[in-house]
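Chains as they are written, first to last, in my numbering: chain A, 1 to 238; chain B, 1001 to 1273.
None of these hints come from the bench; they were simulated from the model. Every residue, glycine too, gets a C-beta built ideally from N, C-alpha and C. Among the hints, a few may not be true.
[What the hints assert, rightly or not] Computed footprint of chain B on chain A, listed as stretches where at least three residues anywhere in the stretch have a Cβ under 8 Å from a Cβ of chain B: (1) 112-120; (2) 146-156; (3) 186-192; (4) 207-216.
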Amino acid sequence: MESMRELKGKNCIFLGANDSFGRELCKNLAKVGLNLGLIDFDHFDSLNLSNNLKNIGVKSISATVIPGKAISFEKAVARIIEYLGDLDFLICAYYFDEDISYENDEFHIDKLSMEKWDNVLEKWAGSYFLMIKSVLPHMLNKNKGKIIFTNLTSGYTGEGEGEGQLSGISSLYFSACSSAITGTMTSIAREIIPLGVKVNGVAFNPTLKRDDDRILNAFIFLLSDISYYTCGQIIRLY
Amino acid sequence: MLNKDLKDYIDLVNKGSSDFLKKKVSLVTGGAGGIGTAICKELANLGSIVYICDIKEAKSLANEINAGYSDVRAIPIKTDISNKSEVKNMFEQILNENGGVDILINNAAVYGEPPLNFLEISYENFKKIISVDLSGAIYCTIAAIPHMIKKGWGKIMFTAAPLSSSGIPAPYLAGKSGFIGLTKFFSEKLKKYGIGTFAVVLRHIYTPMIKKVIESRNIDIKNAKKDLDKKSLTGRMATTEEIAKMFAYFALPISNHMSGQTILADGGISYLR
Ligand SMILES: NC(=O)c1ccc[n+]([C@@H]2O[C@H](COP(=O)([O-])OP(=O)(O)OC[C@H]3O[C@@H](n4cnc5c(N)ncnc54)[C@H](O)[C@@H]3O)[C@@H](O)[C@H]2O)c1
Chain A
1 MESMRELKGK NCIFLGANDS FGRELCKNLA KVGLNLGLID FDHFDSLNLS NNLKNIGVKS
61 ISATVIPGKA ISFEKAVARI IEYLGDLDFL ICAYYFDEDI SYENDEFHID KLSMEKWDNV
121 LEKWAGSYFL MIKSVLPHML NKNKGKIIFT NLTSGYTGEG EGEGQLSGIS SLYFSACSSA
181 ITGTMTSIAR EIIPLGVKVN GVAFNPTLKR DDDRILNAFI FLLSDISYYT CGQIIRLY
Chain B
1001 MLNKDLKDYI DLVNKGSSDF LKKKVSLVTG GAGGIGTAIC KELANLGSIV YICDIKEAKS
1061 LANEINAGYS DVRAIPIKTD ISNKSEVKNM FEQILNENGG VDILINNAAV YGEPPLNFLE
1121 ISYENFKKII SVDLSGAIYC TIAAIPHMIK KGWGKIMFTA APLSSSGIPA PYLAGKSGFI
1181 GLTKFFSEKL KKYGIGTFAV VLRHIYTPMI KKVIESRNID IKNAKKDLDK KSLTGRMATT
1241 EEIAKMFAYF ALPISNHMSG QTILADGGIS YLR
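Make a model of the complete structure from these sequences and hints.
Take a look at the structure:
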């Protein structure tokens, strides 16, 4: 496919490489030929993943960041760009999959926690903010770049699945943070798209299978120039 | 035959006041601000005890409201909603004084101090604004839910804004749009307890906040007001009293059958986009 050839050799920073979804997507993007700088909060799996990606035949490096600490994001980005030599894309795909208000799949309203909310907000929306802040000077310097962020469809539906279907999955934290990310990114997109940096998003249904083909298809569409005029949009994968 | 709630509501619209919310306790965050003041007055007029929660002093507003009634309807409660322990104390106080909150209106927000554009805003400023505009409402809602579950009834509302609002800073829009996910999420989880959730989505209402937004853009206030009036299909911005009536509708039992609704009250501006 033309769009896949176009992506070969492009350089991408990927936030959220440690969870099962991030790992799967990184492997698929490497197969398409993207060089990847992997960022997460710890080195738990990204070192292994980075070695696996090199075996696929692309450049790869991993770095860690500390939630809420701007300097750690700036340093990680600088190190990755130095290694990759250039930067074309940023993918912010951090995803929380534990919710302390659920116990054995049962939702407990009395377990909602203010502290947990603070934690999700800082790790998720906060890291997207700091990640974009750190890559933006590099992208603006070259007047090019594409940013893709992910959130969950529960930000629109309050729920796990398509509108009207009550799966009972999702949480206060996912719903609120996903829709807050939509607002944050909409505002950022309006400001930076005219400066040459494209911003779009992909929203997942939390029950989406990690190997669902639609995930890679959505990313390839948004990373390639087929979507040149697609700006500030969020593709919802129900 | 009209159902009783509907008949009462029509009476209310005709007469302008009622005791519908007589034994109900409301908490309005940002209650001393432009829209908040109008909501507090409206709910007090419906008979509710209204806690005016604001980071600024609201004693004179409470006195002004109470002067119109023989009983005490407005109680100022100075609280910074971005501070978790202040929020917990506020709910504790309301529980001790009046048995807990029935109606929570998450209305407080700050637009933030410049620079607010993404290229210049600091992470600290981003966090500070979100901590009021989104986290503050989440703290209040988490604290209010046990009160409402105990009572078997409750209403939770949010003052939101449309995503399509142009040129709105990221942290402010994060809060306003975060409310849309929250309204949906809580409607599903809380309906079984008799609790309804609503977001009233506003665009331009002439209040101190919109004046600040206009000033921050260095535009002449009179011309800006005219422009904003013209943008609306109705030919003018909504008044705070009109918006307060919408909140009152969702506070009343007549809306018990509704929940999870995001109502756009923007004079048709979004329709034109
Ligand atoms: N005015 C508009 O055009 C408009 C449009 C869309 C949405 N809104 C929303 O309506 C709501 C009310 O706005 P307004 O126009 O009346 O603004 P306002 O500035 O007059 O009122 C906001 C109030 O919130 C209070 N507040 C700020 N920080 C607080 C904190 N940490 N703890 C407690 N109280 C705090 C302020 O002191 C103020 O009294 C806000 O949520 C705003 O985002 C307003």
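Against the structure, the hints:
Counting residues of the segment 112-120 of chain A whose CB lies closer than 8 Å to any CB of chain B gives 6, which reaches the minimum of 3, so the coverage claim holds. Three residues within the 8 Å Cβ limit are the bar, and the segment 146-156 of chain A against chain B gives 3, so the coverage statement holds. With a cut-off of 8 Å between beta carbons, the segment 186-192 of chain A has 6 residues touching chain B; three or more are needed, and the interface restraint holds. Look at the segment 207-216 of chain A against chain B: 0 of its residues bring a Cβ nearer than 8 Å to a Cβ of that chain, fewer than three, so the hint is violated.
Consistency with the previously given hints fails for number 4 only.
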